[in-house]
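Undergrad: Chain by chain, the residues:
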Amino acid sequence: MSRIRILVVDDEPDFLKLIQRRLGKRNVDVSVAASGQEALQALDVIPVDVVILDVRMPGLGGIETLKEIRKRHQEVEVIMLTGHGSMQSGIEGISHGAYDYILKPFSIEDLLERIRDAHEHAVLKRNARKVS
Amino acid sequence: MIATSYTKLRWKLIGITLSFSLIPLFVLGYVIHDQFSHSYEEKLTSNLRLVVNNKRDSIDMFLNERVVQLQNLANTHTIAEMTDQVYLNALFDIIHNTSSSFIDLGVIGPDGCHEAYSGPFDLRDVNYKNEAWFNQVMLKGLYISDVFMGFRNFPHFIIAVKRREAGRTWILRATIDSDVFTSLVHNARTGKLGDAYLVNSDCKLQTPSRFSGKVLSQAKIFANPEGSDVEICKWEERGATRVAGITSLALTDWRLVVVESPREELTPLLRSQYLVYALFLVCAVMIFAGTYLTVTSVVRKLMAADAERAVMDAAVMQSSKMASLGKMAAGVAHEINNPLSIIRESAGWIRDLINDGELDGYEVLGELVEAIGDIDRHVERARTVTHRMLGFARRMEPVHENVDLNMLAKQTVSFLENEVLHRSIEVVCKFNQSLPLLTTDSNQVQQIILNLLENAIDAIGEDGRITLVTRVEGSFVAMDVKDTGMGIPSDQLSKVFDPFFTTKPTGEGTGLGLSIIYSTLNKLGGRITVQSELGHGATFTFYLPFSGAIPDQEEPCPE
Chain V
3 MSRIRILVVD DEPDFLKLIQ RRLGKRNVDV SVAASGQEAL QALDVIPVDV VILDVRMPGL
63 GGIETLKEIR KRHQEVEVIM LTGHGSMQSG IEGISHGAYD YILKPFSIED LLERIRDAHE
123 HAVLKRNARK VS
Chain X
2 MIATSYTKLR WKLIGITLSF SLIPLFVLGY VIHDQFSHSY EEKLTSNLRL VVNNKRDSID
62 MFLNERVVQL QNLANTHTIA EMTDQVYLNA LFDIIHNTSS SFIDLGVIGP DGCHEAYSGP
122 FDLRDVNYKN EAWFNQVMLK GLYISDVFMG FRNFPHFIIA VKRREAGRTW ILRATIDSDV
182 FTSLVHNART GKLGDAYLVN SDCKLQTPSR FSGKVLSQAK IFANPEGSDV EICKWEERGA
242 TRVAGITSLA LTDWRLVVVE SPREELTPLL RSQYLVYALF LVCAVMIFAG TYLTVTSVVR
302 KLMAADAERA VMDAAVMQSS KMASLGKMAA GVAHEINNPL SIIRESAGWI RDLINDGELD
362 GYEVLGELVE AIGDIDRHVE RARTVTHRML GFARRMEPVH ENVDLNMLAK QTVSFLENEV
422 LHRSIEVVCK FNQSLPLLTT DSNQVQQIIL NLLENAIDAI GEDGRITLVT RVEGSFVAMD
482 VKDTGMGIPS DQLSKVFDPF FTTKPTGEGT GLGLSIIYST LNKLGGRITV QSELGHGATF
542 TFYLPFSGAI PDQEEPCPE
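Residue numbers (our numbering), protein chains in the order written: chain V, 3 to 134; chain X, 2 to 560.
Keep in mind that the hints were calculated from the coordinates and are not lab data.
Treat the hints with care, as some may be off.
Over the 12 Å line for every Cβ pair with chain X, so calculated as not near, a few chain V residues [stated by the list, open to error]: (1) E14; (2) P107; (3) R116; (4) K127; (5) R131.
Computed list of lysine to any residue pairs in SDA-like fashion (alpha-carbon distance at most 25 Å, straight line) [claimed, not checked]: (6) V:K19 <-> X:N339; (7) V:K19 <-> X:D353; (8) V:K27 <-> X:A241; (9) X:K221 <-> X:A241; (10) X:K328 <-> V:E40; (11) V:K19 <-> X:D377.
Using N, Cα and C, we set each Cβ at its ideal position, and we do this for glycine too.
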């Protein structure tokens, strides 16, 4: 099984650094982007399976970025990351095409689980498209 | 608004209404009364004037007739004829028969001695030479005396005319009974207080007066009219107003006085005046009663409206307070969640390193692992707090969502955990686990539970038990909040949902909590009841429908 390639988008550099290290240790290829714009540019260059997207970011917000990703990269799955304890923003994300959401602070195992699910889903979708 | 200002407002309104209705009424009444009595008085005066004029004319006519009669006698007879005693007697008889007011008739020579006399008294030898009237008649040709008692000793007066005949002057004198004036004048009297009399130039009565005395006594007179005009004068006497019409006679310097009492004349007017006063009083009383009733009902409505508005204001204030508190809590929670996740990830990274064995061999490894565990545990603790805060802060506008009442209650109880612990209150939850999900506003329901719990805690004070029970009743979910507090007296039981009803000391409770719960439940399609016995705690039970009062907006199915 190939390594999962993910892109983490968050405006906290410390968070990006740590998540990169931790997920890297767990056989995940992690790229990071500090803003929505950066993430969109990165997606054009790097092949990515799953995007972890913070909802609240300065500049291009999480939901706007999500809409852009859905428009440009059909095969990418998105997991929303929200510090806004309520499920509201997560549900809003799903309604705009996110695969899942996770509340901050989360446990790394929980996140990894969801990433795997999303990846599986992405692979299935890709295969389905290939068949059709 | 406090009670005294309502009272003040009520009296102000009553005062304004009364002054705007009573003042015009009284002004109208006064003007009408004034005009009416004025014209009535005028009518009275003109009436008096007419009576006086008529009387004067008839008295003048009477006097004139006597004078003309005498003058005719004097002019149609010679002195020779008149001094013939038999002839004179016959003549007097004729005159006396036609006019009984003639008492005697005398012919007086220029020397003042009677030349002839016909009448009941023996006056043949009386000499009038030194009498004032004799000189007067010799000078002017006619004399009418004032009334006097004279030799005859009863009120009478004389008329004397002079005749000049072939160089010889003689005087024809007649005595006339003044009683005739009395009867002429007296029928001008009106009522019980009216009076009519004649006075001479010295104000001596010429006819008896009802109030001023007998003939020849002194009378008071208040005006001295000139010519034939009637003068009206008015004065107060013995507390009553008197009006007199006074005029002077043409042939003598006598004056005719007719006195009336307007009060007596105005009796019908006064009677209607009393009737009008009574009517006014009745009107005023009715206006006052009407005003009082109207104002009282208006003020009562105002009070009710104010109370309602106060409840609404309090509810609005409460919800806006909750909304801003919620926003703040959300902001704080969010700001804390980000650093929390970084802390957790940092700790996780250290744990990863340890797990990979990269730190093996260090003596302190055990302690490090323990520290990482502590960090994890406390991050988890902080996370519970922030998530609870965010749950509390969720949208404040009424929404309908699927609500698990059990979970909501549990969450709400957890808010009060510390307080309950400090007061040694035990919270027992007896939840029906198969409770259906409710479609309602979780925030408002949470507010209701929170309020009821706070009330229960306040009721207990310290050491006690709060029991929460959920169950299904028909198409409603019911929740009991039962406390072991002092309970509610039965007479207050019906008032607990009234706005501003509170048993807490002034300043501690607004008395609005339960009334807000009541109106909130109404909005959500539910209701609340209370059972309590003094000394045995209280149970508040609220009911919520499975699906809230807000109609479901059906989402169209994807298929």
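Undergrad: Against each hint, give a clear statement of whether it holds in the structure.
TA: Cross-check of the supplied hints:
1. E14: Since the minimum Cβ distance to chain X is about 6 Å, E14 of chain V lies within 12 Å and the statement is violated.
2. P107: violated, 4 Å
3. R116: With a cut-off of 12 Å, R116 of chain V remains clear of chain X, as the shortest Cβ separation is near 15 Å.
4. K127: holds, 18 Å
5. R131: Label holds. Min Cβ-Cβ 21 Å, cutoff 12 Å.
6. V:K19 <-> X:N339: holds, 14 Å
7. V:K19 <-> X:D353: holds, 14 Å
8. V:K27 <-> X:A241: violated, 128 Å
9. X:K221 <-> X:A241: With Cα atoms ~16 Å apart, K221 of chain X and A241 of chain X stay inside 25 Å; holds.
10. X:K328 <-> V:E40: violated, 30 Å
11. V:K19 <-> X:D377: holds, 19 Å
Violated hints, in rising order: 1, 2, 8, 10; the structure is consistent with all others.
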